[in-house]
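Student: Sequence:
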Amino acid sequence: IHYSLAVSHIVLKETEQFQNRLNRAMMDCQDEARDLIKPGMENDPRQLTTVENHVLKCMSKTVDNHVKLLRPMKDRIVGQLKELIK
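Note that the numbering used here numbers the sequence shown so that position 41 is 30, with each residue one more than the last.
Hints were generated in silico from the structure; no laboratory data involved. A hint or two may mislead.
[As the list claims (entries may be wrong)] Here are the computed lysine-lysine pairs in the DSSO-like style, where the Cα-Cα straight-line distance is at most 30 Å: (1) Lys57 with Lys71; (2) Lys27 with Lys46; (3) Lys63 with Lys27; (4) Lys2 with Lys50; (5) Lys27 with Lys2; (6) Lys2 with Lys63; (7) Lys75 with Lys27; (8) Lys50 with Lys27; (9) Lys63 with Lys46; (10) Lys63 with Lys75; (11) Lys71 with Lys2; (12) Lys63 with Lys50; (13) Lys2 with Lys57; (14) Lys57 with Lys46.
Sequences are here, hints too, so could you generate the full structure?
Tutor: See below:
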């Protein structure tokens, strides 16, 4: 049971850190969108579309960047697990 708890802790810690980083990056995208919105824009569909496109582009880039982080995260987990079973 001790080994199982240690494994769970390692995986949980890594996935929580990954999720936190992803959430912070998404919040940055939302902040950027908020910064682009000016008074009266809610009545201009063209300007709102520009803001929406900016958010979608930012979030897409964020997801792409974080997908690239999955392999290193897996490698860290595997490395920690190998240390655990030594």
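Student: Each of the hints needs a verdict: does it hold here or not?
Tutor: Taking the hints in turn, this is what the structure says about them:
Straight-line distance between C-alpha atoms of Lys57 and Lys71 comes to about 23 Å, which keeps the hinted pair within the 30 Å bound. Straight-line distance between C-alpha atoms of Lys27 and Lys46 comes to about 20 Å, which keeps the hinted pair within the 30 Å bound. The straight-line distance between the Cα atoms of Lys63 and Lys27 is roughly 42 Å, outside the 30 Å bound, and the hint therefore fails. The suggested pairing of Lys2 with Lys50 holds, with an alpha-carbon distance near 24 Å, which does not exceed 30 Å.
A threshold of 30 Å between alpha carbons decides the hint, and for Lys27 with Lys2 the separation of about 40 Å lies outside it, so the pair is violated. Restraint check for Lys2 and Lys63: satisfied, since their Cα atoms lie roughly 12 Å apart, inside the 30 Å limit. Only pairs whose Cα atoms come within 30 Å are accepted, and Lys75 paired with Lys27 is rejected, the gap being roughly 59 Å. At most 30 Å may separate the alpha-carbon atoms for a hinted pair to count; Lys50 and Lys27 meet this at roughly 24 Å.
Restraint check for Lys63 and Lys46: satisfied, since their Cα atoms lie roughly 27 Å apart, inside the 30 Å limit. Taking the CA atoms of Lys63 and Lys75, the gap is about 19 Å. The hint holds against a cut of 30 Å. Proximity of Lys71 to Lys2 is assessed by CA-CA distance (about 16 Å); at most 30 Å being required, the pair is judged to hold. Pair hint Lys63 plus Lys50 holds up; C-alpha atoms about 21 Å apart against a cutoff of 30 Å.
Between the alpha carbons of Lys2 and Lys57 the distance comes to roughly 18 Å, so the proposed pair stays at or under 30 Å and holds. Only pairs whose Cα atoms come within 30 Å are accepted, and Lys57 paired with Lys46 is accepted, the gap being roughly 17 Å.
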